[in-house]
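Chemist: Residues per chain are reported as follows:
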Amino acid sequence: AQSVSQHNHHVILSEAASLELGCNYSYGGTVNLFWYVQYPGQHLQLLLKYFSGDPLVKGIKGFEAEFIKSKFSFNLRKPSVQWSDTAEYFCAVNAPGFGNEKLTFGTGTRLTIIP
Amino acid sequence: DSGVTQTPKHLITATGQRVTLRCSPRSGDLSVYWYQQSLDQGLQFLIQYYNGEERAKGNILERFSAQQFPDLHSELNLSSLELGDSALYFCASSPQTGGSYEQYFGPGTRLTVT
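So the protein sequences, as listed, match chains D and P. Numbering follows our numbering, in which position 47 of the first sequence is assigned residue number 73; successive positions increment by one, without gaps. Numbering follows our numbering, in which position 48 of the second sequence is assigned residue number 33; successive positions increment by one, without gaps.
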C-alpha cells in the first residue's frame, strides 16, 4: 500500500522568503507524484505533477518540485513566497495502471505567509 | 474552475438521515473519484467509477454507496448518518483509466450532521 508523509504541519514565513516543503512516499513500484494546493474555503487545485522524465518539474505560480527516487522524496520549492501563497499544501501519490489511480494524500502542510 | 461541478455546496442534516451528493465530471472525462476530507482522517479515497462501473474501493463505509449514470454524472449516497460523517466530500474526474492522468477536483460538498 502507498503512504505519504509530510513532516511540516505548519510553516510560517515572511514574504520573499524561500520555501521548501517536504514530502516522502512509500511505494515499491512506479509512482506518479502530485502537489495540490487548497486555498481557504476552496477546492484542491493541482500545482504540479510528475509522471516520468525530468525529475525537476515546474508548476503554476512559480512552484517547482524535485523527484529524488533514491530518497523517495518529492519536495516542493518556491524561491520567493507571496502573501497569496497562504494555503494548505498536499502531496499525493498514485500509481499508473488499472485500478491504481486513487490518490493517497499526505496530511498536508499549512503555510502562513506574513506580509 | 476545474470543470467538475458538485451539488449541493452545503448540507445540514440530522443523525440517522440519508443524503445524496451529486457530481458532474469534466466534459469527456470517464472516470470519477470520491474523496472525504475530515479533520481527524485527512483526505481519504472512497471509491472510483469508470464509465459506469466500479473500479476501485477505498475506506468507504457500508452505509455509503455510489453509482455512475450513463451520462457519467455520479452520486454518493450516505445513509444512517452519524456525527462523525461530517466532512467535506470531494469529487474528482480524469479522462481515462489505466494510465497516468491528473485528477481535477470539484468544489466539494460540506456535510454537517447534527
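Since the hints were derived computationally from the structure, they do not count as laboratory data. Among these hints, one or two may not hold up.
Derived contacts from chain P toward chain D, CB cut-off under 7 angstroms, selection only [what the hints assert, rightly or not]: (1) 28; (2) 37; (3) 38; (4) 40; (5) 49; (6) 90; (7) 92; (8) 93.
Between beta-carbon pairs, the in silico distance windows are [what the hints assert, rightly or not]: (9) D:79 - P:-14: 24 to 34 angstroms; (10) D:31 - P:44: 30 to 40 angstroms; (11) P:97 - D:92: 33 to 43 angstroms; (12) D:41 - P:55: 49 to 59 angstroms; (13) D:141 - P:64: 45 to 55 angstroms; (14) D:29 - P:45: 15 to 25 angstroms; (15) D:136 - P:45: 42 to 52 angstroms; (16) P:-12 - D:123: 40 to 50 angstroms; (17) D:92 - P:5: 39 to 49 angstroms; (18) D:77 - P:45: 42 to 52 angstroms.
What you are looking at is a predicted structure, and each value in this text was computed from that prediction instead of being measured. Beta carbons: idealized from backbone N, C-alpha and C, even for Gly.
Chemist: Taking 24 to 34 angstroms as the stated bounds, is the beta-carbon spacing between residue 79 of chain D and residue -14 of chain P within them?
Modeler: 29 angstroms, holds
Chemist: Does the Cβ distance between residue 77 of chain D and residue 45 of chain P fall inside 42 to 52 angstroms?
Modeler: Check failed, 27 angstroms falls outside 42 to 52 angstroms.
Chemist: Determine whether the Cβ-Cβ distance between residue 97 of chain P and residue 92 of chain D falls within the hinted range of 33 to 43 angstroms.
Modeler: 40 angstroms, holds
Chemist: Assuming the hint says 45 to 55 angstroms, is it satisfied by the Cβ distance from residue 141 of chain D to residue 64 of chain P or not?
Modeler: At roughly 47 angstroms between Cβ atoms, residue 64 of chain P and residue 141 of chain D fall inside 45 to 55 angstroms, so the hint holds.
Chemist: Does the nearest C-beta of chain D fall within a distance shorter than 7 angstroms of the C-beta of residue 38 of chain P?
Modeler: Nearest chain D Cβ about 11 angstroms off; hint violated.
Chemist: Mind checking the hinted window 42 to 52 angstroms against the Cβ distance between residue 136 of chain D and residue 45 of chain P?
Modeler: 27 angstroms, violated
Chemist: Would you check whether residue 40 of chain P satisfies its interface hint, that is, whether its CB is within less than 7 angstroms of any CB in chain D?
Modeler: At about 6 angstroms, which falls below the 7 angstroms cut-off, the nearest Cβ of chain D leaves the hint on residue 40 of chain P intact, so it holds.
Chemist: Does residue 37 of chain P hold up as a contact with chain D if the rule is Cβ-Cβ below 7 angstroms?
Modeler: Violated, about 16 angstroms.
Chemist: Given a hinted range of 49 to 59 angstroms, is it respected by the beta-carbon distance of residue 41 of chain D and residue 55 of chain P?
Modeler: 50 angstroms, holds
Chemist: Given a cut of 7 angstroms on the nearest C-beta pair, is the interface hint for residue 93 of chain P held or broken against chain D?
Modeler: 6 angstroms, holds
Chemist: Holds or violated: the 30 to 40 angstroms window for the beta-carbon distance between residue 31 of chain D and residue 44 of chain P?
Modeler: Given range 30 to 40 angstroms: violated, Cβ gap about 18 angstroms.
Chemist: Between the beta carbons of residue 29 of chain D and residue 45 of chain P, is the distance compatible with 15 to 25 angstroms?
Modeler: 19 angstroms, holds
Hints 2, 3, 5, 10, 15, 16, 18 from the list above are not met by this structure, while the remaining hints are.
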